[in-house]
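S.K.: Place chain X on chain G using the hints.
Number of protein chains: 2
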Amino acid sequence: MRRKIFLFGDSITEESFSDGGWGASLADLLRRKADIMVRGYSGYNTRWALKVVERVFPAAEENGEESPAAVTVFFGANDACLPERCSGFQHVPLDEYKQNLRSIISFLKNRWPHTVIILITPPPIDEEARLQYPYTENKTGFPERTNEAAGSYAKACLTVAKECQISSIDLWSKMQQIPNWQTECLWDGLHLSRGGNKVVFEEVAKKLKEEGIGAEDLAVDLPLIEHVDPKDPLKTFYEF
Amino acid sequence: MRRKIFLFGDSITEESFSDGGWGASLADLLRRKADIMVRGYSGYNTRWALKVVERVFPAAEENGEESPAAVTVFFGANDACLPERCSGFQHVPLDEYKQNLRSIISFLKNRWPHTVIILITPPPIDEEARLQYPYTENKTGFPERTNEAAGSYAKACLTVAKECQISSIDLWSKMQQIPNWQTECLWDGLHLSRGGNKVVFEEVAKKLKEEGIGAEDLAVDLPLIEHVDPKDPLKTFYEF
Chain G
11 MRRKIFLFGD
21 SITEESFSDG
31 GWGASLADLL
41 RRKADIMVRG
51 YSGYNTRWAL
61 KVVERVFPAA
71 EENGEESPAA
81 VTVFFGANDA
91 CLPERCSGFQ
101 HVPLDEYKQN
111 LRSIISFLKN
121 RWPHTVIILI
131 TPPPIDEEAR
141 LQYPYTENKT
151 GFPERTNEAA
161 GSYAKACLTV
171 AKECQISSID
181 LWSKMQQIPN
191 WQTECLWDGL
201 HLSRGGNKVV
211 FEEVAKKLKE
221 EGIGAEDLAV
231 DLPLIEHVDP
241 KDPLKTFYEF
Chain X
11 MRRKIFLFGD
21 SITEESFSDG
31 GWGASLADLL
41 RRKADIMVRG
51 YSGYNTRWAL
61 KVVERVFPAA
71 EENGEESPAA
81 VTVFFGANDA
91 CLPERCSGFQ
101 HVPLDEYKQN
111 LRSIISFLKN
121 RWPHTVIILI
131 TPPPIDEEAR
141 LQYPYTENKT
151 GFPERTNEAA
161 GSYAKACLTV
171 AKECQISSID
181 LWSKMQQIPN
191 WQTECLWDGL
201 HLSRGGNKVV
211 FEEVAKKLKE
221 EGIGAEDLAV
231 DLPLIEHVDP
241 KDPLKTFYEF
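Going down the list, the protein sequences come from chains G and X.
The first sequence runs 11 to 250 under my numbering.
The second sequence runs 11 to 250 under my numbering.
Be aware that a few hints might be false.
Partner residues are not named here, just some residues of chain G that face chain X (Cβ under 8 Å, in silico) [as the list claims (entries may be wrong)]: (1) Met11; (2) Arg41; (3) Pro243.
Rather than coming from a laboratory, the hints here were simulated on the basis of the structure.
Where a beta carbon is used, it is the ideal one built from N, C-alpha and C, also for glycine.
This is chain G alone, in the form it adopts within the complex (with noise of 0.2 Å):
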């Protein structure tokens, strides 16, 4: 009756539901027409998230139900992190990153043929923001992403998209072109700031839309209030 929409992601995935996000979002905006499916997991790269794809969208989900309309594939920000820095345990080389990026996309066009993908670059970072909210003590004075690293991340994200012929947002240039990005898009240098969030939900609805499943296409789940005769209100349901 509805179809679904997954978002596959890290924390910025993850965090979509909170005051202002992304997610939420997208959930109000296809009311009534498609129920939004959250799969962040904070602080997960591709190396991780390759290893649970399956867990996190189980053959149970082919059986019977209809295959979702879209999922959004948003990795990279943890990828990113610079090898010898606070965070290099959750950094992955840039050719893994590419190749588990493809192996991901695969495995989702081999389940679903037919369902839209969208990937999404690492959003941009903001290292002074970094320094001042670092997860753990950081005292080496140096941020454990960089944007240079987070651009060339999102170069590779756009590159295997290109490759694999679906949808990509380059979220790391689109938000650099905004005023004051590092605080309008950010509040700790790499999380969405309601800002952010709004760049995030634009974006994706745009690519829904051009996909063909944007808010005028889907079917609505059942009669609308005002296609009810208020003369015969009973008549709409059993027709239908």
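M.R.: Here is chain X on its own, set in the frame of chain G:
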């Protein structure tokens, strides 16, 4: 892997993923633990809800899938429209309202014997605001809903919950304990403001906790980053 919680109701449920909405807040509270499935149908009363309940909760859900952890049932605001006023076609007599609620509960209990059902009463009505924000032209000078009528339906709802030995939230009384509830909890005399959404969220969260399915009780989907060994991250995923 994750439990499901269904929110079944009218517009106050359909809109629960708007900015600051109670549904989105629940999804955020139970992140990594439960999928919040919105099944809100704007304008619906219990008579129409009963006509569609089998479509809202299709039998497929019980095949293979685990039963949901909980279902909130949140109707009455439309049933309580006065019969001779401008939204009279949504009115359902008090006795039928009770009977319809009993039938919905019986349907849910039959489908999922172990699922927690939480009945929520309609909110109070600010009649002055209803005249300011009519849905359709209303030249009568009388609001289509009164707080007194909403109160009768709220009491009936609590009676049914007690009879059926299920959980309930007396939103009608709870909100009226809040100073300036008319504007603090509602924006158009009926639908929830940010403050009203907070009340519903907190009450539902409290009930879920009382029923043993709160944030602390539900299992986490996949290992948390703090349980990943930084010295050998993949170990976590192999063992898992």
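S.K.: Under 8 Å is the threshold here; is the Cβ of Pro243/G close enough to any Cβ of chain X for the hint to stand?
M.R.: For Pro243/G, the interface hint holds, since the closest Cβ of chain X sits about 5 Å away, which is under 8 Å.
S.K.: Is the interface hint for Met11/G satisfied, with its Cβ closer than 8 Å to some Cβ of chain X?
M.R.: 7 Å, holds
S.K.: So, as I understand it, the hint says Arg41/G touches chain X; can you test that by seeing if any CB pair is closer than 8 Å?
M.R.: Status holds, d = 6 Å.
The structure shown violates none of the earlier numbered hints.
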